[in-house]
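The sequence shown begins at 1 in this note's numbering and counts up one residue at a time.
Keep in mind that the hints were calculated from the coordinates and are not lab data. Note that the structure is a prediction, hence the values are computed from the model and not measured. A hint or two may mislead.
Label-pair ranges, simulated between beta-carbon atoms [claimed, not checked]:
id : residue 1 : residue 2 : range
1  : L266      : Q185      : 26 to 32 Å
2  : H68       : L244      : 38 to 44 Å
3  : R55       : A23       : 31 to 37 Å
4  : K179      : N93       : 45 to 51 Å
List of simulated lysine to aspartate or glutamate pairs, EDC-like, C-alpha gap at most 20 Å [as the list claims (entries may be wrong)]:
id : residue 1 : residue 2
5  : K59       : D116
6  : K118      : E53
7  : K240      : E132
8  : K115      : D182
9  : K192      : E171
10 : K115      : E53
11 : K135      : D182
12 : K240      : E53
13 : K179      : D158
14 : K100      : D116
15 : K135      : D98
16 : K269      : E171
17 : K271      : D170
18 : K148      : D170
19 : K64       : D121
20 : K100      : D121
21 : K192      : D182
22 : K240      : D116
23 : K150      : D182
24 : K70       : E53
25 : K148      : E132
26 : K115      : D98
27 : K259      : D182
28 : K148      : E101
29 : K181      : D158
30 : K150      : E132
31 : K271      : E171
32 : K269      : E203
33 : K148      : D116
34 : K271      : E203
35 : K150      : E101
We put the beta carbon where it would ideally sit given N, CA and C, even for glycine.
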Amino acid sequence: MLSLIFLLLSISSGAYFVLINIASPGTVLGTIFGFSAVWFWIAVFFAVLFVLEKRNILKTICGKISKHIKIILIFLFCAGVFISGLNLFFICNPRLSDGKENVRYVIVLGGGITKDAKLTDSVQNRVRVASEYLKAHPASLAVVTGGKGKFSPCPESDVLKPALASYGIDENRILAENKAKDTIQNFMFSAKLFAEHDGISVEEVLASPVAVVTSDFHIARAERLASRMGFSNVYGVASKTPPLFVLNSYCREICCYVKLNLRILLTGKPKHL
1 MLSLIFLLLS
11 ISSGAYFVLI
21 NIASPGTVLG
31 TIFGFSAVWF
41 WIAVFFAVLF
51 VLEKRNILKT
61 ICGKISKHIK
71 IILIFLFCAG
81 VFISGLNLFF
91 ICNPRLSDGK
101 ENVRYVIVLG
111 GGITKDAKLT
121 DSVQNRVRVA
131 SEYLKAHPAS
141 LAVVTGGKGK
151 FSPCPESDVL
161 KPALASYGID
171 ENRILAENKA
181 KDTIQNFMFS
191 AKLFAEHDGI
201 SVEEVLASPV
211 AVVTSDFHIA
221 RAERLASRMG
231 FSNVYGVASK
241 TPPLFVLNSY
251 CREICCYVKL
261 NLRILLTGKP
271 KHL
């Protein structure tokens with residue numbers, strides 16, 4: 001029975017790895033080094049357990065592990081589950097916009113482009129939701145933000161701006177930030193662009209209501225980063241993650257959220273602009 005469970009877990013993890021990489025065109029390097037590779041290694045792990053269990057080797061190996069080591073491993077496993085669950089709670093409970101706020105500034109966060117300089121379905125959803133929000137708030141100004149990734153053919157903002165304009169948004173309302181390498185730089189450079197455009201200080205931008213458009217799984221971390229950097233009134237505008245990518249996206253986000261918490265705890269960064 002145990003061997004069958006291991007086999008099913010191995011097959012399902014491997015199949016999921018194949019499906020999400022078929023559904024998200026990119027580079028081979030992106031597949032190897034991206035988070036989705038986790039599902040491949042999980043498949044390998046359970047395949048090894050299946051073989052060991054079928055050959056009656058697993059029980060022998062477990063029998064040689066001392067009681068103290070078993071207790072430590074169980075403790076680490078339970079701690080990992082608790083920490084992951086706690087972070088998932090915060091990820092799933094961001095501050096979301098109700099559409100009634102009076103917002104001047106809208107930050108549209110990028111999420112990567114393909115090797116052919118096209119938006120993924122997830123990022124295209126962000127652009128669509130951003131266009132709807134901008135139409136509902138005609139006095140608002142947007143920044144599409146995203147620099148050139150290691151395996152990207154061009155800065156992401158070069159693709160985001162025309163994509164957003166294609167939904168009927170006046171290009172004069174869209175500023176393009178093409179230097180940022182991560183979410184922290186997204187906010188930092190966006191605040192400076194808004195300040196330069198409106199002829200005000202960065203502090204005034206930080207004090208103004210700001211809407212942040214990104215995927216549903218990313219909203220909570222984006223809001224926390226924005227708050228740490230000095231934005232005092234942030235509203236999350238969430239786009240839906242395609243169903244196939246929900247598991248991968250939220251598992252990855254748990255790791256990113258834990259990493260952010262550790263960074264804040266150990267270094268105190270990011271700090272106020």
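How the hints compare with the structure:
no.: 1; hint: L266 with Q185: 26 to 32 Å; verdict: violated, 20 Å
no.: 2; hint: H68 with L244: 38 to 44 Å; verdict: holds, 42 Å
no.: 3; hint: R55 with A23: 31 to 37 Å; verdict: holds, 36 Å
no.: 4; hint: K179 with N93: 45 to 51 Å; verdict: violated, 32 Å
no.: 5; hint: K59 with D116; verdict: violated, 50 Å
no.: 6; hint: K118 with E53; verdict: violated, 45 Å
no.: 7; hint: K240 with E132; verdict: holds, 14 Å
no.: 8; hint: K115 with D182; verdict: holds, 19 Å
no.: 9; hint: K192 with E171; verdict: holds, 19 Å
no.: 10; hint: K115 with E53; verdict: violated, 42 Å
no.: 11; hint: K135 with D182; verdict: violated, 27 Å
no.: 12; hint: K240 with E53; verdict: violated, 41 Å
no.: 13; hint: K179 with D158; verdict: holds, 11 Å
no.: 14; hint: K100 with D116; verdict: violated, 38 Å
no.: 15; hint: K135 with D98; verdict: holds, 15 Å
no.: 16; hint: K269 with E171; verdict: violated, 34 Å
no.: 17; hint: K271 with D170; verdict: violated, 34 Å
no.: 18; hint: K148 with D170; verdict: violated, 24 Å
no.: 19; hint: K64 with D121; verdict: violated, 49 Å
no.: 20; hint: K100 with D121; verdict: violated, 27 Å
no.: 21; hint: K192 with D182; verdict: holds, 16 Å
no.: 22; hint: K240 with D116; verdict: violated, 23 Å
no.: 23; hint: K150 with D182; verdict: holds, 12 Å
no.: 24; hint: K70 with E53; verdict: holds, 18 Å
no.: 25; hint: K148 with E132; verdict: violated, 26 Å
no.: 26; hint: K115 with D98; verdict: violated, 36 Å
no.: 27; hint: K259 with D182; verdict: holds, 14 Å
no.: 28; hint: K148 with E101; verdict: violated, 32 Å
no.: 29; hint: K181 with D158; verdict: holds, 14 Å
no.: 30; hint: K150 with E132; verdict: violated, 31 Å
no.: 31; hint: K271 with E171; verdict: violated, 32 Å
no.: 32; hint: K269 with E203; verdict: holds, 19 Å
no.: 33; hint: K148 with D116; verdict: holds, 13 Å
no.: 34; hint: K271 with E203; verdict: holds, 14 Å
no.: 35; hint: K150 with E101; verdict: violated, 37 Å
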